[in-house]
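Asks: Generate coordinates for the entire structure from the input sequences, incorporating the hints supplied.
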Amino acid sequence: MKRVEPSLRSSIKPWLFQVEPHPDESFGHFLGRFRRANYLSGAQLSTLLRARSYLVSYWECPSRQRRPSSAHLEQLSQLTGVDMLRFQRMCSPLGIRLYWPTRLCPDCYAEAPWHKLTWQLADQSACDIHQRSLLTQCPCCHHAFQLPSYWATGECDRCRLPFAQMGLTLGSCQ
Numbered sequence: 015m016k017r018v019e020p021s022l023r024s025s026i027k028p029w030l031f032q033v034e035p036h037p038d039e040s041f042g043h044f045l046g047r048f049r050r051a052n053y054l055s056g057a058q059l060s061t062l063l064r065a066r067s068y069l070v071s072y073w074e075c076p077s078r079q080r081r082p083s084s085a086h087l088e089q090l091s092q093l094t095g096v097d098m099l100r101f102q103r104m105c106s107p108l109g110i111r112l113y114w115p116t117r118l119c120p121d122c123y124a125e126a127p128w129h130k131l132t133w134q135l136a137d138q139s140a141c142d143i144h145q146r147s148l149l150t151q152c153p154c155c156h157h158a159f160q161l162p163s164y165w166a167t168g169e170c171d172r173c174r175l176p177f178a179q180m181g182l183t184l185g186s187c188q
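According to the numbering used here, the residues represented by the sequence shown are 15 to 188, in order.
Treat the hints as calculated values from the structure; they're not laboratory data. This one's a predicted model, so the numbers in the text were calculated from it and none came from an experiment. C-beta atoms are modelled at their ideal positions from N, C-alpha and C, and glycine is treated no differently. Zero decoy hints are in this set.
Label-pair ranges, simulated between beta-carbon atoms:
1) Q145 x E88: 38 to 44 Å
2) S139 x Y164: 20 to 26 Å
3) L30 x E169: 24 to 30 Å
Replies: Laid out in structure tokens, this is it:
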């Protein structure tokens, strides 16, 4: 086996699939999509960013109120190809309280299937577009929603009711 010089080893970057952020997408939802596209765990992405193993999982959980540092955003920008300013807009604003647990508007999700940061703002209990209360649990099985970073299939992880159909369901599920 040929020995690789340290300077060459440090210049080799991993090859990753690029994921384009959606308009108004939450930071945690984007990170989950990026990780799934590249078959990375939160700990593995943290390692690529030279950060503690739990850091990405903190960023994916809005209620923890952990924002990436400028240095981490810059590293993430280089790794993903997404502009650092775009990431800053996707993160929760400083000083703004977020609502826990995860919320969603099923009508918005039917139109654009991704989690929006505005759904987590504590002072917003209804969707501005559809004038309906934001859901905090599945209307069918009453199970709380998973973190948006885990939304791979766009459905309740317990009963499999699609998020887009939750606006039509009034608690009577088969």
